[in-house]
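Going down the list, the protein sequences come from chains U and E. With the first letter of the first sequence counted as 1, position 50 gets the number 50 in my numbering; the numbers rise by one all the way through. With the first letter of the second sequence counted as 1, position 107 gets the number 107 in my numbering; the numbers rise by one all the way through.
Honestly, the hints are just simulated from the structure, not real lab data. Careful: at least some of the hints might be erroneous.
To be verified - Covered stretches of chain E, going by a simulated chain U footprint (3 or more residues, C-beta under 8 Å):
id, stretch
1, 33–41
2, 153–163
What the hints assert, rightly or not - Beyond 10 Å from chain U on every Cβ pair, some chain E residues (computed):
id, residue
3, R59
4, T134
5, P146
6, N147
Said to hold, decoys possible - Partner residues aside, some chain U positions facing chain E, computed with beta carbon under 7 Å:
id, residue
7, Q13
8, A24
9, L27
10, C37
Quick caveat, the model's predicted, so the values are computed rather than measured. The C-beta atom is built at its ideal place from N, Cα and C for all residues, glycine as well.
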Amino acid sequence: MKPDDFEQRLSRQPRRQIPPAWRAEILAAARDAQAACHPASATRHNWLETFSQQLATIFWPHPKAWAGLAAVWIFILAVNFSMRDSLPTLARQSAPPAAEVIVELKMQQRLFAELVGTYEAPDADRRKIFSPKPRSECVEILTT
Amino acid sequence: MKMPGSQEIERLYDAHAAALFAFLLNLTRDEADTRDLLQEMFVKLAREPQLLAGVREERAFLIRLAHNAAIDLMRRRGTRERTKENFAAEILSPFAPASDPDEQFFREELAAALGELPAEQRAVVHLKLWSGLTFEAIAAALDIPPNTAASRYRYGLDKLRDRLRPLYEEIK
Chain U
1 MKPDDFEQRL SRQPRRQIPP AWRAEILAAA RDAQAACHPA SATRHNWLET
51 FSQQLATIFW PHPKAWAGLA AVWIFILAVN FSMRDSLPTL ARQSAPPAAE
101 VIVELKMQQR LFAELVGTYE APDADRRKIF SPKPRSECVE ILTT
Chain E
1 MKMPGSQEIE RLYDAHAAAL FAFLLNLTRD EADTRDLLQE MFVKLAREPQ
51 LLAGVREERA FLIRLAHNAA IDLMRRRGTR ERTKENFAAE ILSPFAPASD
101 PDEQFFREEL AAALGELPAE QRAVVHLKLW SGLTFEAIAA ALDIPPNTAA
151 SRYRYGLDKL RDRLRPLYEE IK
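One chain only, chain U, in its complex shape (with noise of 0.2 Å):
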């Protein structure tokens, strides 16, 4: 006998076949086992699905009016950010104040206080504050 045929003739025995029924048992419980490692991004996918379909089932109706109210919102807020940027700016840019201003601005705020009637005066400025009187003694002065 040789080798080679014995060799020949065993590798020409058919194998038995794998039973079909087994290919969507075990590919399911692969699927499972793929889903339990990664339950997070099955979550996470599921959610992002509901909130898409939510979204939809908003903006559907009027797309287009939809689509024109973003707009003008996102316009309004780039005007707001754009203004808000320059402000500081501006500030940075003029000049500061004089020291002639500056005394004006405290001579107003001081005039102002004393007008409200909440300036307390220090003590040196204190005698010179005009105190009104009665009208009745103010009369008696003018007659004399």
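The hints should help you fit chain E onto chain U, whose structure is shown.
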């Protein structure tokens, strides 16, 4: 809905499951064990898709996975189970049934003779004869030197030849 990567698992199954089934059935001699091991393999591949990253020879890699899983299963079992395994070898054939009675008898005898081989020789004989792998590929798949693969094959084939010679001469 299909998870990402499930198509890849399906492709692997369609490409390799038949060969892995025959290999595992020849090693375990038990259809239920073969099914469990096959499912265990594909579940592992689904859980850890990175296992196949950079693998050039998928078949060799999957055969190694299958071989390791089968060896682990045999180790988990004791002598009692191995005795049962040998008994099963007499009633379960890894070959398809034949319509010709002589051919069918030869296949049954071949299955019994294979069942008597040590698992390491049976694995090499199977991969050489029925998977068509070279000794280098078998060595790579089973993580053994090529010379060891060749010697195991020769020892296994000699045992099969001694066992089947009378029958082979008769029906030749």
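Results for each hint:
Only when three residues or more bring their CB closer than 8 Å to a CB of chain U does the claim for the stretch 33–41 of chain E stand; here the count is 3, and the claim holds. With 3 residues carrying a beta carbon less than 8 Å from a beta carbon of chain U, the stretch 153–163 of chain E meets the three-residue requirement, and the given coverage holds. Every Cβ of chain U is farther than 10 Å from the Cβ of R59 (chain E); the closest lies at roughly 15 Å, confirming the non-interface assignment. No beta-carbon of chain U comes within 10 Å of the beta-carbon of T134 (chain E); the shortest separation is about 14 Å.
For P146 (chain E), the requirement that its beta carbon stay farther than 10 Å from each beta carbon of chain U is met, with the minimum near 18 Å. Consistency note on N147 (chain E): stated as away from chain U, and its beta-carbon is indeed over 10 Å from all of that chain's, at 19 Å minimum. For Q13 (chain U), the shortest C-beta to C-beta distance to chain E is roughly 5 Å, which falls under 7 Å, so the interface hint holds. With a least beta-carbon distance of about 10 Å to chain E, the hint placing A24 (chain U) at the interface is violated under the 7 Å criterion.
About 6 Å separates the beta-carbon of L27 (chain U) from the nearest beta-carbon of chain E, less than 7 Å, and the hint is met. Given the 7 Å rule on beta carbons, the hint for C37 (chain U) holds: about 5 Å separates it from the nearest Cβ of chain E.
In summary, the structure is inconsistent with hint 8 from the numbered list given earlier, while agreeing with all the others.
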